[in-house]
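Asks: Letter by letter, the chains look like this.
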Amino acid sequence: VSSVWVLTEVDGTTVAEASREALGEAAELARPDRPGALAVGSQTAVAPLAALGADGAGRAVLVDAPSAAETPEAAAARAAAWLGAEPGAERPIVLLGHTPWGRAVAPVLATHLDTALVPDAVAARRAGDGGLIVTRPAYGDRLYATVRVRAGQGAVVTLRPGVLGMAATEAGRAVALERVNGGPAPAVRAPRVRQVHAADPRQIDLREAERIVAGGRGVGGPEGFALLQELADLLGAAVGGSRVAVDLGWLPWERQIGQSGRVVSPRLYVACGISGASQHLWGLRGGGTVVAIDTDRRAPIMEIAHLAVVGDWRPVVAALVRRLRTRSMPGRAEG
Amino acid sequence: VTGLVLLQAGMDSGLAVDPRRSGAAGDRPGRGGVVPNPADRAALECALSLTARVLALTIGPVEHECALHLARARGAMGAVRLWDPVLAAADAVAMARVLAAAVVALEPAVVLTGARGLEGATGSVPPLLAARLGWPCLQGVGRVRVEGDRVVVGERPGAGGRREEVEAAIPAVVMVRPESGEAPYVAYRARRAAARHPIECWSLQQLGLDAATVHGWVRSEVEAVDWPRPRPRRTAGPPAAKSAAERLRQLVSGGSKPPALQSRLLEGPPDEVAGQVIAFLEGSGFHVLASVNRLAGTTPRAGDGGREAKP
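From first to last, the protein sequence lines stand for chains A and B.
Just so you know, the first sequence maps onto residues 308 to 642 in the working numbering.
Just so you know, the second sequence maps onto residues 355 to 665 in the working numbering.
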């Protein structure tokens, strides 16, 4: 039976959620064995990779790459070289998340390993003959295709993130990390990011915003939103609001967050004068950090907030603006 | 620079599909529904904006020539259709290897194609082709340009609304986002004229391949196409270390609801609270200063804040 591996995406010291999901699926495929977790990286990847024992990894292998800035394509070549040299007659089954990184890695990996490539899968299981049966959406997600990979062919499967969810973890289960010398950088021709143009938080679509400062009825009017905009500018955030704020004409419709507006998933959400009606919270996804400022300590938003400030939002935000401004630009004139 | 556009034709994904009525799994419902892939259409326009020397290639039976006629009508110099019945069962890996042979024969500097295919719409053939050729692959870009016949540069959306400018040394494969521009209307007269242009038809033998070789490259097969059958999301079971009451509570809540947050409650003088909020943000990994410095150039004038409010 071919071995099952998860090529793990490690960003700094964090393992991508998609990789942990893939590990859950790999555990099903590897039964009665355990899947291996393979990563290409440097020292920073050691601890997060070893912690994958709790997610079901039976082995954890880190192929050393001297530069953290190596391209995904080069990482794929290194991973393929290591997997190809692994003892075992059959080509491996490698799962990874269908993230931008995974999309760049998977084709190179499949080409080097001479295996099948099944992208954007939502489920994978073993066939009776030891092959693989993978389900993936087709025809604009309206139909599902069942793809069969015969035993021994090997496969690289990318799994759509967020579909399968995380498997149960075995807290405290550790796995010894094997470190492998990756050797010199592989000669892989890959694209290079030349420049990144930052988004203007004032123009950005709320759905893409990483930080949002939002206001509701409690903001009191357009002057209140002017103050929120100042805070947002200092935080590098976009301004949004509840339905009430939009209905009252304080914000344009495309700035509305909630069931009848935008569904957002920022990393930071600062809610000012928003009670947090279920219709509003419905539009807040992704598990980012929530800071709420409201006079009502029993408001629903206070329950989901990581930091809840009880009190009038205006003096608090004014103080925040003052502090941030003096910290960031000492010579800048106020006003 | 010679640009080669890979054009796919296939079933119109706007049509209603019933996998049970269209015969065998994955069958196309007949030539009436065959259209050029809209994403490849964007790639064609992109290629024409890059260079005057554009070739079009499609793999498919004769009804797929509609894509090539379109390319000729828009100004492509040449059009090649490659077909062998064995290709009907080819997966992405085999298709990429056949295309690689065709690319070697046509010797383009840049291969352009849509970022999404029709039907399966996995977009996996172009990167596999690039990997097979050992070329770089620019995925999902728009606004492509060539600099000095050596580098191809494209823009793509990044996380958080950012725009990335990515470059690759030529020869390269470029996958163009279908949203990257409106395809212009093709006049009827141009279509009529294009239909009279001959289309070169290649067989595998012309590439030095044969059906058995290609069949040997196939690594996976589509067994069935059907309506989705939902599979329940995996939910983590309650951890064994918790007390029985705690585990019961987690089970009753369906396992889907995260445990209530232990939110920190702050009260007090505004200035003190503001200091604590900033400390909390920095403790949670938000670099408030970094973002300010990054935005310092673009921060609008103070007092301009009400701009977004309705008059």
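Note that these hints are calculated values from the structure, not bench results.
Incorrect hints may have been included.
As the list claims (entries may be wrong) - In the SDA-like style, the derived pairs of lysine to any residue whose C-alpha atoms are separated by at most 25 Å in a straight line are: (1) 596/B with 626/A; (2) 596/B with 569/B; (3) 596/B with 473/A; (4) 596/B with 444/A; (5) 596/B with 588/A; (6) 596/B with 480/A; (7) 596/B with 474/A; (8) 596/B with 319/A; (9) 596/B with 438/A; (10) 596/B with 625/A; (11) 596/B with 334/A.
Fair warning: this is a prediction, and the values are worked out from it, not measured in the lab.
Asks: With reference to the structure, classify each hint as holding or not holding.
Replies: To see whether the hints hold, each was checked on the structure:
no. : hint             : result
1   : 596/B with 626/A : violated (42 Å)
2   : 596/B with 569/B : violated (55 Å)
3   : 596/B with 473/A : holds (19 Å)
4   : 596/B with 444/A : violated (38 Å)
5   : 596/B with 588/A : violated (29 Å)
6   : 596/B with 480/A : holds (16 Å)
7   : 596/B with 474/A : holds (17 Å)
8   : 596/B with 319/A : violated (31 Å)
9   : 596/B with 438/A : violated (39 Å)
10  : 596/B with 625/A : violated (43 Å)
11  : 596/B with 334/A : holds (24 Å)
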